[in-house]
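Residue numbers (our numbering), protein chains in the order written: chain A, 1 to 494; chain B, 495 to 825; chain C, 826 to 958.
For the record, the hints were derived by calculation from the structure and aren't laboratory data. Beta carbons are placed, not taken as given, at the ideal position from N, Cα and C, and that holds for glycine. A few of these clues could be false.
Stated by the list, open to error - Partner residues aside, some chain A positions facing chain B, computed with beta carbon under 7 Å:
{"hint": "1", "residue": "Y40"}
{"hint": "2", "residue": "G73"}
{"hint": "3", "residue": "G74"}
{"hint": "4", "residue": "A77"}
{"hint": "5", "residue": "G80"}
{"hint": "6", "residue": "L81"}
{"hint": "7", "residue": "P211"}
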Amino acid sequence: MNEAAPAMLPLAISGLVALSLALAILATVWPRQAHRIGGYGAVVVTASVLTLSALFLAAGPEPESAATRVALGGWEAPLGLMLHLDGLSMTLLVLTAVVGLATSLYSLGYVHDPIERRQFWPLWLWLWAGLNMLLLSGDAFNLYITLEVVSLSAVALVAFTGTAAAVSGAMRYLLVNILGSLSFLMGVVLLFGEHGVLDLVLLEARTEIGPTERMAAVLMTAGLMVKAALFPLHVWLAPAHGSAPAPVSAVLSGLVVTGSFYLILRLWMGPFAPLATPAFGILVGLLGVAALVWGSAQALRAGRLKSIVAYSTVAQFGYLLIAFPLMLVDPEAWKVVVFFAVVHALAKASVFLAAGTLQHAAGHDRVAEMGAILRARGRTVFALGLAGVSLMGLPFTGGFIAKYLLLEAGLGTILAGSLIGVLWVVAIAGGGLLAAGYVLRMVAPAFHHGPRDAGEAVSPWMDWVPLGLAVVAAAAGFAGTLTLHTLTLTPGAP
Amino acid sequence: MSDLLLVVFDLVLLVGLLGVAWRCLASTDLFRAVVLFITFGLLLALAWVRLEAPDIALAEAAIGAGITGALLLVTLERLRSIVVERRRGQPDEPPDPAGADALLHALHDPPPPRRTFVPALTFALVVGGLMVTALWHQPDAVGLEPVVDEHMDVSGVDHPITAVLLNFRAYDTFLELAIVLIALLGAWSLGRYDRLPARPAPGPILPGTLRLLVPVAIVTGVYILWAGSHAPGGAFQAGAILGAAGILLVLARPRDLPMAPSSPLRLGLAAGVALFLAIGIVGLLIGPGLLGYPPAWAYPLIIVIEVAATLSIALTLVALFIAGRPAGDDR
Amino acid sequence: MEWLAQQLAPGLIYPTAGAILFALGLYGLIRRHHLVLRILALNIMGSGVFMVLLGIAARGEGPPDPVAQALTLTGIVVAVSATAFALALVVRLTRITGQAVMLPGPPDDHAPVDDISREEHAPSAEYDREHRE
């Protein structure tokens, strides 16, 4: 097994790409069976990703040689396109598979109208395939194309309910995404003009600090920040995520946003690494604190369940920005940041799915009027609470470990003599309190006395999947060591 | 001397392009903006010829100016008919207090407020200025032309751009086909199609012209597709030309669109990606890798993919013009 | 004269003009509100990117870089797809709200919630029923 693993890896990587594309095409051609293709396909894709990760770990490479690169069509870079798998992309592929599987199963119950099913599944399978390809891409221009695959299918899914709010949210989301993509592409073009290659590894080898690198870094990072809704470019997020169907919100907040963040991280650990200066890090960190405060304040004020969750995404992504200055002091901290993003994605997806179940039962999602439903639906409230606890970072959850590690990195900054480290530590700790506030707003009515009303019947998928995913999010702490180990298998990263 | 003439030509062209783009974005009348945008596309095609990119010029004229222009014009017509319909629906509605006609709102954009002028201009100037600085510091010619040239003999075709698109970077091209398809799936998910608002011109002129134009378009499309293996041309340009012919046919009979049954229609739309991926998977199992071909088979396989891609692109562009999904798709 | 022609070589002035087009599109995107104009502005930004790319490809003495040209072709097709979808969204939005501009901000707390998981849902299905020919 151990000897065969390195030889099998390239085939398995190409196979995963081909499989996810084949499912999307099959569902497009055969919409009547699209939900079956999607349901069974989700299981198969998840199984293949897990197999791939087993192969990747069994290959047991040294961190320096851990990246598996596959030349598509047999053409090596710089002529051809390379797929690129390392610890970072492997971790996020597994995350995508877990959330994707949960969302697919949930959608089996959620999207039941035969006509809507035919529209929903092909788009969702294209989105999933796009995410897999984005995580495996090793070429700057190909990244732009995969970003477009992801954003076009995501926008179509946001508009899916067809209300004024949803279509308007989708419109804003589309314009913002095209703007982000064009900005990213302009950066790619500038880099190509300077170095004449598009492959990320080759680009990294040729990078030196110059006007092209600076401007490309600004354009590409700004484009991705718009897409990831990082503060202050977050204004589109709540309208889009809050008005999309619940499984779509779960994927958008859990995976699509995380995908853009992944790309920022990958670029700044690769070609743009020499550009990161302490002053820049502090600026990004301050943006993170602002995102944390603004997002939490909005989440504490919002009247609708899904709006609360959507604003909390803005807040939680503040942590990822705060992590930048920490990483400049302690380069190893990036692994903690990725782990935090993974736990956040799992918890956030399950909160959105639980919110979708409650909204379905109640027929609305106005928090003030949900008491009766909450009291009657213990299982879903438990899922909401469990995932919420992970978001807050209470002990014994994945979120706790992630935040504990972040705090440790923050304290390390203070010990390293940086006064501003105090602000980071206060923000990380305080953010947990704010999160407790808005999570309590969602679940507290369940513990008041009052009438109970289970509302509309929900399908078993919608009943159990949020709980399952919440348990996974809470238990993610046990996978912490494995995740951090997988992440060390990223060449070029500290 | 001829160098100087070329420089003058470049400057006039670029100033013209920037001027048209500026006028387009400054228009308050949407129709005017769209016409200026189509002009902009045609001027761009000229610029691409000047930059020795005839393939791109062809694509820009057919897709950038042609198809995009048709899409924009039909959108304006749709917006107009929506507003007219809404007004007819509510005859008692009091007149707009500002005196602005609702119709004006759909097809006009009032001049932007003065307070955004300075920040927007400053922002654009800073971004543009930084990009220009970066570009002026770049070295001459560091591209991939030599590498491509070296591998032309094993690519299966004689035209470098086709070799890059369908062989060296076939993955990008595959995903590009996928994006066209996803855009259509997105447009279809928004609802069924509405009747086209176009008012067919009475009389024999349109049908007569079509009878002449459509065969010409088909012949041109097929020629451009065939030429792509050794000269400028290829699947995308050919698909756009065939798509344009399809759009003309749709326009000639806006009231009775052909109702293709769901399965063959979807099969046709996805034929390009499906065949591309199928051949790509065979390449993974017995060839050099995913989306690769054994060199001896490269030429015929590329031709097969291009034919399927052309048909799918043409069909998809027509469907995007019609916008909503056909009623048959829900059965 | 020689010197001037060298300074104004296509490999330099076309990328410059492309960068200006990009900035111009950005300016239009910020300033204008009608969605069709915003889509036009994004398209002009895209054309600016393609002009930079093709200008870079035309630098130097030899034949132009075919990879850059192939990328541009891909980019043009992506742009037309995104534009077509965006226009379909504009039409849909105008049909619902009567105006081709975006609603300000997130849905307010009392806007009707539409949940596609419920039976009675589906304004789109209703809408389709009305418009069945």
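Status of each hint after checking the structure:
| no. | hint | result |
| --- | --- | --- |
| 1 | Y40 | violated (19 Å) |
| 2 | G73 | holds (3 Å) |
| 3 | G74 | holds (3 Å) |
| 4 | A77 | violated (10 Å) |
| 5 | G80 | holds (5 Å) |
| 6 | L81 | holds (5 Å) |
| 7 | P211 | holds (4 Å) |
Going through the hint list in order, the structure does not satisfy hints 1, 4.
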